[in-house]
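Chains Y and G are the protein sequences, given in the same order.
Counted the way the numbering used here counts, the first sequence spans residues 75 to 290.
Counted the way the numbering used here counts, the second sequence spans residues 121 to 680.
A portion of the hints provided could be inaccurate.
Unchecked claim - Partial selection, computed: residues in chain Y whose CB lies under 10 Å from chain G:
| no. | residue |
| --- | --- |
| 1 | I131 |
| 2 | K240 |
| 3 | E283 |
Please keep in mind that the hints were generated in silico from the structure rather than gathered at the bench.
Since we're looking at a predicted model, the values are computed, not measured.
Every residue, glycine too, gets a C-beta built ideally from N, C-alpha and C.
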Amino acid sequence: MKATLSISRFNPITDCAGYLKDYQLTLEPHETVLDALFKAWELDPGLSFRRSCRSSICGSCAMAIQGRPRLACQTLASELTGEGGAIVLGPLPGFRRIKDLVVDLDPFFEALKGVIPWLLTRPDHNGLVDPQEAHRVESPATCILCAICDAGIDPGGGVSPAALVKNTRLAMDPRDVLGADRLKFTGLTGDGLKSFRELLAGICPKKIELPGPAPE
Amino acid sequence: MIIHDIVIVGGGLAGLMAAVEAAPGADVAVVSKIYPTRSHSGAAQGGFNSAMSHDDSVESHIFDTVKGSDYLGDQDAIEILCSDGPEVIRQLEMMGVPWSRTPDGRVAQRSLGGAGFPRACYAADFAGHVVLHTLYEQALKAGVRIYPEWYLIDLLVENEMLAGLLTWRLDTGQTEVIRCKSLILATGGYGRIFQKTTNGHANTGDGMALAYRAGAVLADMEFVQFHPTTLYGTNILISEAARGEGGYLRNSSGERFMSGYAPQKMELAPRDVVSRSIFQEIKEGRGINGVYIHLDLTHLGPEKIAGRLPQVQELARRYAAVDPAAAPVPIEPAQHYSMGGIRTSLDGETNIRGLLAAGEAANVSVHGANRLGGNSLLETVVFGRRAGRKAAEIVSGTDLPAPPQASLESARERWQANFGSSRPLAGGDSCFVIRRELNRIMTGKVGVFRTGSEVAEAVTDLAELRRRYEALRVSTREAPFNYELTEHLEVGYLLDLSRLTAEAALRRTESRGAHFRLDYPARDDVNWLNHTLIKKGDQGPVYEAGKVSAGRYLPQERGY
Numbered sequence: 075m076k077a078t079l080s081i082s083r084f085n086p087i088t089d090c091a092g093y094l095k096d097y098q099l100t101l102e103p104h105e106t107v108l109d110a111l112f113k114a115w116e117l118d119p120g121l122s123f124r125r126s127c128r129s130s131i132c133g134s135c136a137m138a139i140q141g142r143p144r145l146a147c148q149t150l151a152s153e154l155t156g157e158g159g160a161i162v163l164g165p166l167p168g169f170r171r172i173k174d175l176v177v178d179l180d181p182f183f184e185a186l187k188g189v190i191p192w193l194l195t196r197p198d199h200n201g202l203v204d205p206q207e208a209h210r211v212e213s214p215a216t217c218i219l220c221a222i223c224d225a226g227i228d229p230g231g232g233v234s235p236a237a238l239v240k241n242t243r244l245a246m247d248p249r250d251v252l253g254a255d256r257l258k259f260t261g262l263t264g265d266g267l268k269s270f271r272e273l274l275a276g277i278c279p280k281k282i283e284l285p286g287p288a289p290e
Numbered sequence: 121m122i123i124h125d126i127v128i129v130g131g132g133l134a135g136l137m138a139a140v141e142a143a144p145g146a147d148v149a150v151v152s153k154i155y156p157t158r159s160h161s162g163a164a165q166g167g168f169n170s171a172m173s174h175d176d177s178v179e180s181h182i183f184d185t186v187k188g189s190d191y192l193g194d195q196d197a198i199e200i201l202c203s204d205g206p207e208v209i210r211q212l213e214m215m216g217v218p219w220s221r222t223p224d225g226r227v228a229q230r231s232l233g234g235a236g237f238p239r240a241c242y243a244a245d246f247a248g249h250v251v252l253h254t255l256y257e258q259a260l261k262a263g264v265r266i267y268p269e270w271y272l273i274d275l276l277v278e279n280e281m282l283a284g285l286l287t288w289r290l291d292t293g294q295t296e297v298i299r300c301k302s303l304i305l306a307t308g309g310y311g312r313i314f315q316k317t318t319n320g321h322a323n324t325g326d327g328m329a330l331a332y333r334a335g336a337v338l339a340d341m342e343f344v345q346f347h348p349t350t351l352y353g354t355n356i357l358i359s360e361a362a363r364g365e366g367g368y369l370r371n372s373s374g375e376r377f378m379s380g381y382a383p384q385k386m387e388l389a390p391r392d393v394v395s396r397s398i399f400q401e402i403k404e405g406r407g408i409n410g411v412y413i414h415l416d417l418t419h420l421g422p423e424k425i426a427g428r429l430p431q432v433q434e435l436a437r438r439y440a441a442v443d444p445a446a447a448p449v450p451i452e453p454a455q456h457y458s459m460g461g462i463r464t465s466l467d468g469e470t471n472i473r474g475l476l477a478a479g480e481a482a483n484v485s486v487h488g489a490n491r492l493g494g495n496s497l498l499e500t501v502v503f504g505r506r507a508g509r510k511a512a513e514i515v516s517g518t519d520l521p522a523p524p525q526a527s528l529e530s531a532r533e534r535w536q537a538n539f540g541s542s543r544p545l546a547g548g549d550s551c552f553v554i555r556r557e558l559n560r561i562m563t564g565k566v567g568v569f570r571t572g573s574e575v576a577e578a579v580t581d582l583a584e585l586r587r588r589y590e591a592l593r594v595s596t597r598e599a600p601f602n603y604e605l606t607e608h609l610e611v612g613y614l615l616d617l618s619r620l621t622a623e624a625a626l627r628r629t630e631s632r633g634a635h636f637r638l639d640y641p642a643r644d645d646v647n648w649l650n651h652t653l654i655k656k657g658d659q660g661p662v663y664e665a666g667k668v669s670a671g672r673y674l675p676q677e678r679g680y
């Protein structure tokens, strides 16, 4: 399969602005956008992009693919080339670009601290957790901190989307001292949280489902 | 000049566990070439072994591990691994790990290969991921200073004592010296020497190679684990949990062929046994399309697959276009884990004062010639914790070593030598080409089945590749996110580690665990019940035999 990879390039040492550069590649049917990037890199070793696991679990390769924030390793090139057009890659929106497809993620990791991003364990926790309650935490605990939600959603309320996911996951954990009181950190009303849950479902590469508030 | 009491290189499970353990009493920093949550520990799916149910015992875990190691594991280290298991799992529970649960609320456990009991604590099939993120949370809580996307360039050793490290910041392209009293290498394995591997792109064995270059002893580099079930083609890991939950392996006639190789354990025999059996089936013409085997989960039913193996299901759907609830998954063995590594004491200490190692980067040795599923995650937390404790003990009350001088000067010279104009020995040569050839050599000649003549060819070919590599340089320096430079550095590490793996494999004229020599198919306890210790000499690596710490269990025939 022939494909054109159109990559947004920017070198902070030499460039005034970003520009698109095209790479003509031959791709196998099962190959991902990340595989395509590796081929482009061989043609142009100066190209910069983050990668690590290549199996959608580390969150390194988040970028704009056809304008939408996605994981390069999770996106099959064949899904994008159907119309015969180019695969257009840019940096993750909403973050300062450092070089090519690499953005500054320090603010993303810093924003997690907007909630208390660790379990405040009940001193009397006896090691047992009800399996139903444990199950509720399972989906949000698969968050890979890829920053795609931060790039694509503004929930309002001043807390970043990934921090909201972390906070919700901890709030639902029966071992946490604060528990549901954590929802006060979010700066959101019930409706705000509901709309955030819906937006998240539409963008999260791990398809994280945040359950609604626990039944009283 | 940056100063910390303890620097930990690597932000995966072993590194973060060490950091969290050491942080209350010391100023701790984690230097990692990727953000810690990107570490490959997060790709581990199956679970953490720990004997916790009333019908299981630490003793049984010890025996399974010793037997699984083909008697090359050090029994004092294995005893610590298994005895500390329950306590460390409780510690992780209190830190907030979201384990899956039994109906009465205990941590759920499943069967993995080579184990007598279901003893792998799991969180669906995200065990590594959830513990990695929990430890990251704990590192933030403990105030550990994190230097993400900083590469370790060189260990600064003066008078056989660690004085600091030279690092390189990916964001600015500049080098920084960090002084410290103690340094723990938790840099993981080197699976990227192979063409077919489950390992991520970052797994290039940087810490092992740099420790070796700085004079640390490596051990047992010939013992490389091949995971039986990786997606055919991409080699993305399909957890042993898939077989632990009841999955079958079938050949082209649909037969569960493991009955011919391991009639008792079947699909849950240890990985070395299962990987060899798969290749044997393929070799004898019973592979599907001649090249792969089927992992059949269809009989488990959609509910169990979605509940216990959601990641496996998603990976197979996305990367192999197969829904394991509906059809069998094409799989093939691929490199997965390095049993070898930096030789350490039970507390993670190396032969260089102040330098410690833990996790896959280390060889303590709990896995011997073959690791059991669920034991590597346990090793990271048990021995990461011990290394963190030891480092904290080392730094309390001792002064900072004198600022590195001679070692820093030579490290800077080596750094400068990376840059300039290449004078390729072969037309079109580049690090990309060299890496590809290296990968092909290792998978082709130093894989699951080895013969002396092929491994010897590999050693010669690798030396030639090294010569070609030496002629290459990187054109740009001090550029941000210079991945041309990371490639150059990493290919250098891969070349070092490939050579040590191949030479150690050539030297060991027996078959034990994951090291299988077609020309020496039997285990030879008279001559080879010993570790391979490797040290850098003036003329290249020097190999010698090291004593295995024996214990209660004497070598027996290893049937499953």
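Hints, verified against the model:
Taking 10 Å as the C-beta contact cut-off toward chain G, the hint placing I131(Y) at the interface holds, the least distance being around 5 Å. At a threshold of 10 Å, the smallest CB-CB gap from K240(Y) to chain G is about 8 Å, leaving the interface hint in force. Contact between E283(Y) and chain G, as hinted, is not supported at the beta carbon level, the nearest pair being about 12 Å apart and thus beyond 10 Å.
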